[in-house]
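*Asks:* Line by line, the protein sequences are chains A and B. Taking this note's numbering, the leading residue of the first sequence gets 125, the next gets one more, and so forth. Taking this note's numbering, the leading residue of the second sequence gets 125, the next gets one more, and so forth.
Don't read these hints as lab results, they were simulated from the structure. Warning: the hint list may mix true and false statements.
It does not matter which identical chain is meant; a pair holds if it fits inside one copy or across any two.
Claimed, not checked - Distance condition first, Cα-Cα at most 16 angstroms in a straight line; then the derived EDC-like pairs of lysine to aspartate or glutamate: (1) 377 - 463; (2) 257 - 350; (3) 231 - 471; (4) 265 - 182; (5) 334 - 450.
Number of protein chains: 2
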Amino acid sequence: MNLIGHGRVEIIERVRKFREFRELQKIEVKRQIAHEIISIAYGFLSPLKGFMTYDEVDSVINEMRLPNSILWPIPIVFDLTSKINAKEGDIIGITYLGKPLAIMEVKEIFSYDKVKMAERVYKTKDVKHPGVKRTLNYADKFLAGDIWLINEPIFNVPYSNFWLTPRMHREVFEKKGWKRIVVFQTRNVPHTGHEYLMKYAWFAANENEKVDEPKTGILVNVVIGEKRIGDYIDEAILLTHDALSKYGYISKKVHLLSFTLWDMRYAGPREAVLHTIIRSNLGCTHHVFGRDHAGVGNYYSPYEAHKIFDNIDERDLLIKPIFLRENYYCPKCGSIENEILCDHKDEKQEFSGSLLRSVILDEVKPTKIVMRPEVYDILMKTAKEYGLGSPFVTEEYLEKRQKIFELGEE
Amino acid sequence: MNLIGHGRVEIIERVRKFREFRELQKIEVKRQIAHEIISIAYGFLSPLKGFMTYDEVDSVINEMRLPNSILWPIPIVFDLTSKINAKEGDIIGITYLGKPLAIMEVKEIFSYDKVKMAERVYKTKDVKHPGVKRTLNYADKFLAGDIWLINEPIFNVPYSNFWLTPRMHREVFEKKGWKRIVVFQTRNVPHTGHEYLMKYAWFAANENEKVDEPKTGILVNVVIGEKRIGDYIDEAILLTHDALSKYGYISKKVHLLSFTLWDMRYAGPREAVLHTIIRSNLGCTHHVFGRDHAGVGNYYSPYEAHKIFDNIDERDLLIKPIFLRENYYCPKCGSIENEILCDHKDEKQEFSGSLLRSVILDEVKPTKIVMRPEVYDILMKTAKEYGLGSPFVTEEYLEKRQKIFELGEE
Chain A
125 MNLIGHGRVE IIERVRKFRE FRELQKIEVK RQIAHEIISI AYGFLSPLKG
175 FMTYDEVDSV INEMRLPNSI LWPIPIVFDL TSKINAKEGD IIGITYLGKP
225 LAIMEVKEIF SYDKVKMAER VYKTKDVKHP GVKRTLNYAD KFLAGDIWLI
275 NEPIFNVPYS NFWLTPRMHR EVFEKKGWKR IVVFQTRNVP HTGHEYLMKY
325 AWFAANENEK VDEPKTGILV NVVIGEKRIG DYIDEAILLT HDALSKYGYI
375 SKKVHLLSFT LWDMRYAGPR EAVLHTIIRS NLGCTHHVFG RDHAGVGNYY
425 SPYEAHKIFD NIDERDLLIK PIFLRENYYC PKCGSIENEI LCDHKDEKQE
475 FSGSLLRSVI LDEVKPTKIV MRPEVYDILM KTAKEYGLGS PFVTEEYLEK
525 RQKIFELGEE
Chain B
125 MNLIGHGRVE IIERVRKFRE FRELQKIEVK RQIAHEIISI AYGFLSPLKG
175 FMTYDEVDSV INEMRLPNSI LWPIPIVFDL TSKINAKEGD IIGITYLGKP
225 LAIMEVKEIF SYDKVKMAER VYKTKDVKHP GVKRTLNYAD KFLAGDIWLI
275 NEPIFNVPYS NFWLTPRMHR EVFEKKGWKR IVVFQTRNVP HTGHEYLMKY
325 AWFAANENEK VDEPKTGILV NVVIGEKRIG DYIDEAILLT HDALSKYGYI
375 SKKVHLLSFT LWDMRYAGPR EAVLHTIIRS NLGCTHHVFG RDHAGVGNYY
425 SPYEAHKIFD NIDERDLLIK PIFLRENYYC PKCGSIENEI LCDHKDEKQE
475 FSGSLLRSVI LDEVKPTKIV MRPEVYDILM KTAKEYGLGS PFVTEEYLEK
525 RQKIFELGEE
C-alpha cells in the first residue's frame with residue numbers, strides 16, 4: 125500500500141501502527157473534505173499535513189499565520205458530519221463514496237465559534253456570502269490531525285489530460301527549461317481580455333530575461349471544485365483554455381494547463397494569499413492578480429486582493445504577485461488595452477462576463493474581438509459532450525455530471 | 125561665466141588658469157565634436173570628462189573598458205582637423221560655427237592605428253560600414269583632454285520642447301513619481317509595432333510593482349545626430365512620437381519624450397552597450413533592445429546586440445536590458461504579436477520599414493493597423509514645415525534645415 129503524504133520516516137512509523145484499513149474505525153467524508161485530503165496529501169496545501177487544530181484555526185483567523193508564524197490565511201477544517209469515537213493518537217480510516225481514501229492520525233476534536241471564524245476570514249457575517257454560508261453550515265465539531273492518502277484518484281477524461289501533482293508540475297517546468305512560471309488562475313472560459321492579461325503577465329515575469337529560448341512560462345491553473353448554477357462547466361473551462369494554445373493564440377512554447385481541486389471560498393484578499401501558497405507549492409514564481417480576484421458580489425473592492433499585499437512582508441511570500449488592471453477593448457487603438465497604458469478611457473468597451481454569457485446562452489457566436497471562434501466552437505462541443513447540452517452549470521449537470529475521478533477498491 | 129562640466133573644485137582651479145576666452149589659442153570644431161562636447165559637459169557620457177587619451181582608446185577597443193576598468197565600448201575621440209600648438213596642461217578655447225563653445229585642458233596629442241580602431245569596434249574593416257568610414261576619415265592626430273562648456277546651446281523649436289539634460293531627466297522622473305524608467309531609443313517615426321515594444325517593455329520593467337499609480341514610465345529618447353539620405357527628418361521623429369501620447373495611444377501618465385545629441389556609429393552590439401551607459405546617466409533603470417539594435421546592413425546578426433550582454437557581468441551594467449523579439453501583425457490574432465507568445469508564424473505580416481517609407485513617399489496614408497492616422501498627419505505637416513516638403517532627409521534638407529540649436533556670443 126502506498127501512502128501519499130509527507131515524510132518517509134513518519135510514514136513508516138504510522139504504517140506500523142495500523143495493519144489493515146478494514147480493521148480501522150472509519151468515517152465517510154463529503155466532497156469538500158475528500159478534495160482537501162487529496163490536495164493536502166499531494167502537497168498543494170503544504171506545509172499543512174492535515175486538518176487544523178483549535179490553536180491553528182485561532183492563529184490563522186486572528187494573525188493570518190500558523191502558530192509557527194508561517195503565512196496562512198484560511199482555516200482548513202474537517203467538520204464532523206458523523207460521530208466517531210476517537211482520542212489523540214488514534215488512527216482512523218477515511219472513505220469517500222464508500223471507497224477507502226486515506227488514513228488520519230487524530231490530534232484533537234474541538235468546537236470553534238463559527239460566526240467569529242466567518243467574520244475574520246470574510247470580513248462580513250452576511251450569510252449571503254457563499255464563504256460565510258459554508259462556514260456557518262459546518263457541523264459543530266471539527267476533527268484535527270495529519271492525513272495520508274492510501275488510494276490515489278484516477279481522473280476521468282478530460283481531467284486526466286491536465287492532472288499534475290505539485291511534483292509533476294515541477295518536473296514539467298524543469299523539462300521545459302522554464303526558470304520563471306507565472307500562474308494565471310481561472311474559473312472562466314477565456315475571452316481575449318484574459319489572453320492579454322496572460323501575455324502582459326508573461327512580460328512582467330520575464331523581466332529582463334532574454335527571449336531567444338523562452339525561460340518563462342504561463343501556467344493556467346483552473347480551480348475545480350464546488351460549482352454554482354450559471355458557472356461554466358469544468359470540462360469547458362479546461363478544454364477552451366487548451367484550445368488557446370492548440371490554435372496558436374498563446375504559443376505552446378510558453379503555455380501549460382493544469383488544475384487544482386479546491387472549493388472557492390470567495391474570500392477575496394485572504395483567498396488571494398492562499399492562492400500564492402498553493403501556486404508556490406506547484407513551483408510557480410509569479411502569480412497574476414487582476415480585478416476582483418476571488419471576490420463575489422460587492423463584498424470586496426475591485427482591487428482589494430491587490431491591497432492586502434501591502435501589509436505582507438515580501439519575505440513571507442514564496443511567489444511574486446503581478447498586479448494587473450482590467451483590460452478593455454479600445455476601438456481607437458484597435459486592440460486590448462488597459463487604463464495604465466492607453467488614454468482612451470471614454471471609448472473603452474469593457475469585457476462583460478454576463479453579456480458574454482447571455483450571447484452564448486442564445487447560441488450566438490460572439491465577435492472574434494471578444495472570443496476566439498475556436499474557443500466558442502469547443503465550448504459548444506463540450507456543452508453537448510459533458511454539459512447535457514449547456515455550457516453552463518444547471519441543476520441537471522450537478523446531478524448527472526460525470527465524476528472527476530474514480531477511486532479503486534484498494 | 126558658467127562652466128558646465130564636472131567637479132566644482134576642479135572648475136575653480138581651471139578658472140584661475142584662464143582669464144578670458146579671447147586670450148586663448150582657439151580651435152574650431154565640426155558638428156560631431158561640438159555635439160560630443162555638449163553631451164560630455166552635461167553628463168550624457170559620464171564618467172567621461174573629455175576626449176580620450178591613447179591609453180584610454182587602447183583599453184576601450186581591446187578590453188571594452190576604460191583603464192580604470194569601467195565598462196566603455198566605443199572611443200570618444202577628438203580628431204585634429206586643424207593645427208594647434210599645445211602641450212599637456214595648456215588651456216585652449218573651442219569654437220563652433222565661430223562662436224565660443226568650450227574650454228579644454230590638453231592632456232595629450234597622439235596618433236592611433238585607425239584601421240585597428242575600426243576593426244575592433246565594428247568587427248569589420250569594410251569601408252562601406254558607416255562607422256568604419258567615419259573612423260578611417262578621422263584626421264591623423266587626436267587631441268585628448270577634459271572639457272568644460274562655456275556657452276550653453278539654445279535649442280530651436282521643436283527641439284526646445286524636448287531638451288532635457290541628464291539632471292533635468294532625473295528631476296522630471298522624481299516629480300512624476302517614477303521609480304522605474306524603461307527607455308526606448310529611436311530614430312524612427314513610430315509604427316504600431318513600436319508602440320507594442322514599448323508597452324510590453326513597460327510590463328517587463330514594472331515587474332510586480334502595483335499599477336494603481338504607475339511608478340514605471342517609458343522614456344522615448346530620440347538620437348539626434350548625423351543624418352543619412354532617406355532617414356526620417358529629426359523634427360518628424362520628435363513630433364510623431366509626441367503625437368502618440370498626445371492622442372492617447374500611449375498614456376501621458378507613463379510617457380516622456382526627449383533626445384540625445386549623438387552621431388550613430390552603427391556599431392551594433394558595442395553601441396548597445398554605449399546606449400546603456402548614456403541612458404543610465406539619464407536616470408533610466410531599463411533599456412529596450414529589439415531587433416537590429418544600432419546595426420546597419422548585414423554586419424551584425426539580428427539579435428547580436430542581445431548576445432553581447434551574455435558576456436557582461438550584470439554588476440558592470442547600471443541598467444537592466446530588456447530584450448524583445450520583433451513584433452508583427454497577426455491577422456489570426458487580430459493584433460500585434462511576436463514569435464514568443466503567438467504560434468501563427470506562417471500568417472505573420474512583418475512590419476517593413478522600407479515598404480512603409482515607399483507608401484509614405486507616394487503620399488498614401490498607411491492602414492491604421494500599421495500607422496496611427498494622427499501620426500501620419502503630423503508627419504506630413506512636419507514635412508511641409510521643416511522638411512522642404514519631404515518627411516525624409518534629402519540633400520536639400522541637409523543644406524537648408526534649420527539649426528538644432530544656437531550659440532550666443534558669450
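*Asks:* Give a verdict on every hint.
*Replies:* We went through each hint and held it up to the structure:
no. : hint      : result
1   : 377 - 463 : between (29 angstroms within a copy, 10 angstroms between copies)
2   : 257 - 350 : within (13 angstroms within a copy, 71 angstroms between copies)
3   : 231 - 471 : neither (59 angstroms within a copy, 62 angstroms between copies)
4   : 265 - 182 : within (15 angstroms within a copy, 81 angstroms between copies)
5   : 334 - 450 : between (27 angstroms within a copy, 13 angstroms between copies)
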